[in-house]
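Visitor: Listed below, chain by chain, are the residues.
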Amino acid sequence: MDRVAPQVVFQFLGISVTDTVVSTWIMMLIIIGGIVIVRRFFPSLLEKLITFLSDTISDVMERPAEPYLPYLGSLIVFILVANVIGVVPIITTPTKDLNTTAALAITVFFAVHVFGIRKKGVWGHIKTMAAPLGLFFLMLPLDIVGQLSRTLALALRLFGNIISSELIVDVVYEVAPIVVPLPMIALGLFTGVLQAYIFTILATVFINLAVRENE
Amino acid sequence: MESQTLLTIVVIITSGIGIMASTVTLAIVEGRAVLKALEGMVRQPEVANRLFTSLIVGMALLETSAIYTILVISLLLGLLGG
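Protein sequence lines, in the order shown, are assigned to chains W and Z. Numbering follows numbering that gives the first Met the number 0, with no gaps: position 25 of the first sequence is 24. Numbering follows numbering that gives the first Met the number 0, with no gaps: position 67 of the second sequence is 66.
Do not rely on the hints blindly, as some may be mistaken.
[Claimed, not checked] Interface residues of chain Z toward chain W, partial, derived using beta-carbon atoms under 7 Å:
hint, residue
1, L6
2, V56
3, A59
4, T63
5, I66
6, I69
[Said to hold, decoys possible] Covered stretches of chain W (in silico footprint by chain Z; criterion: 3 or more residues with CB under 8 Å from a CB of chain Z, positions within the stretch not fixed):
hint, segment
7, 146-156
8, 190-203
[What the hints assert, rightly or not] Partial chain Z-side listing against chain W, Cβ under 8 Å, derived:
hint, residue
9, Y67
10, L70
11, S73
In short, the hints are calculated from the structure, not lab data. Please read all numbers here as calculations on a predicted model, not as lab measurements. For glycine and all other residues, C-beta sits at the position ideal for the given N, C-alpha and C.
Using the sequences and the accompanying hints, generate a full structural model.
Guide: Below you can see the structure in the form of structure tokens.
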């Protein structure tokens, strides 16, 4: 269990920097470098990826995906690369740290409110959250509590899936280190891709709940 | 028997029962979800894509309960270790 916890790499001005943060920096370089290379040599591939994302989002939200594509596209690219980058030798998976997944879930929480207020104004957004207007002072706290629990569930779902994959690989590695961890690592990669998709789809559904016209 | 041994025994038994109960319940319920989704796909092949997306999202939400169980038991076992 101790090998899967985040380790401090160096101290900078009194702040301890963990290997999660260093992995995230390397991930940013890889993503930006990858996009630059793909854009020069395979531009149609990039277009196909963006079209796939845009179609998925507009399918779930039943409206054009244009204003929401930057945030949701960044979310899925970040989580996808983060879950998969663990197989590279020195780099650790950032999402096996609860801090990373909690940060992502908190950005989803604020994104819901930002998109809702941008679409409907502050009062309209509050009216959407307290849906049946007759019971205003009951539904609004209930909805806020529900949103907080949804955020917590998002963070714990991603964290729990990724860290249980890592723990299984760790335990199998203790028992039989030569070839046997490989199927477990493959299962972990598959879980990582699926959980990236799930996180983004759930974020899309939450934004849709705040933005849709329910009359 | 001393309290550390008693704690170890209780944690081991609780972990076993907890994992067993959550995994069996989860497997049964997810199997039923897949069954209903497949029946729907057979009945109306044109909404198969939408059904597949809803199935995947529903199964991820169901899976969360089992993940909570794994998390709590890992914490318990970590606490046991020292």
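Visitor: Run every hint past the structure and note whether it holds.
Guide: We went through each hint and held it up to the structure:
For L6 (chain Z), the interface hint is violated, since its Cβ never comes within 7 Å of a Cβ in chain W; the closest pair sits about 17 Å apart. Of the supplied interface hints, the one on V56 (chain Z) holds, with its beta-carbon coming within about 6 Å of a beta-carbon of chain W, less than 7 Å. Proximity of A59 (chain Z) to chain W holds as hinted, the smallest CB-CB distance being about 4 Å (cut-off 7 Å). Interface hint at T63 (chain Z): satisfied, since its Cβ lies 5 Å from the closest Cβ of chain W, which is below the 7 Å cut-off.
Contact between I66 (chain Z) and chain W, as hinted, is supported at the beta carbon level, the nearest pair being about 4 Å apart and thus within 7 Å. At about 5 Å, the closest approach between the beta carbon of I69 (chain Z) and any beta carbon in chain W falls short of 7 Å, and the interface hint on this residue holds. Residues of the segment 146-156 of chain W with a Cβ under 8 Å from some Cβ of chain Z number 3, which satisfies the need for three, so the listed coverage holds. Check on the segment 190-203 of chain W: 6 of its residues sit with their Cβ under 8 Å from a Cβ of chain Z, so the three-residue criterion for coverage holds.
Checking Y67 (chain Z) against chain W by beta carbon gives a least distance of about 7 Å; that is within 8 Å, so the hint holds. Evaluation of the L70 (chain Z) hint against chain W yields a held restraint, the C-beta minimum of about 5 Å falling below 8 Å. The criterion of a C-beta within 8 Å of any C-beta in chain W is met by S73 (chain Z), whose closest approach is roughly 7 Å, and the hint holds.
Of the numbered hints given earlier, the model fails hint 1 alone.
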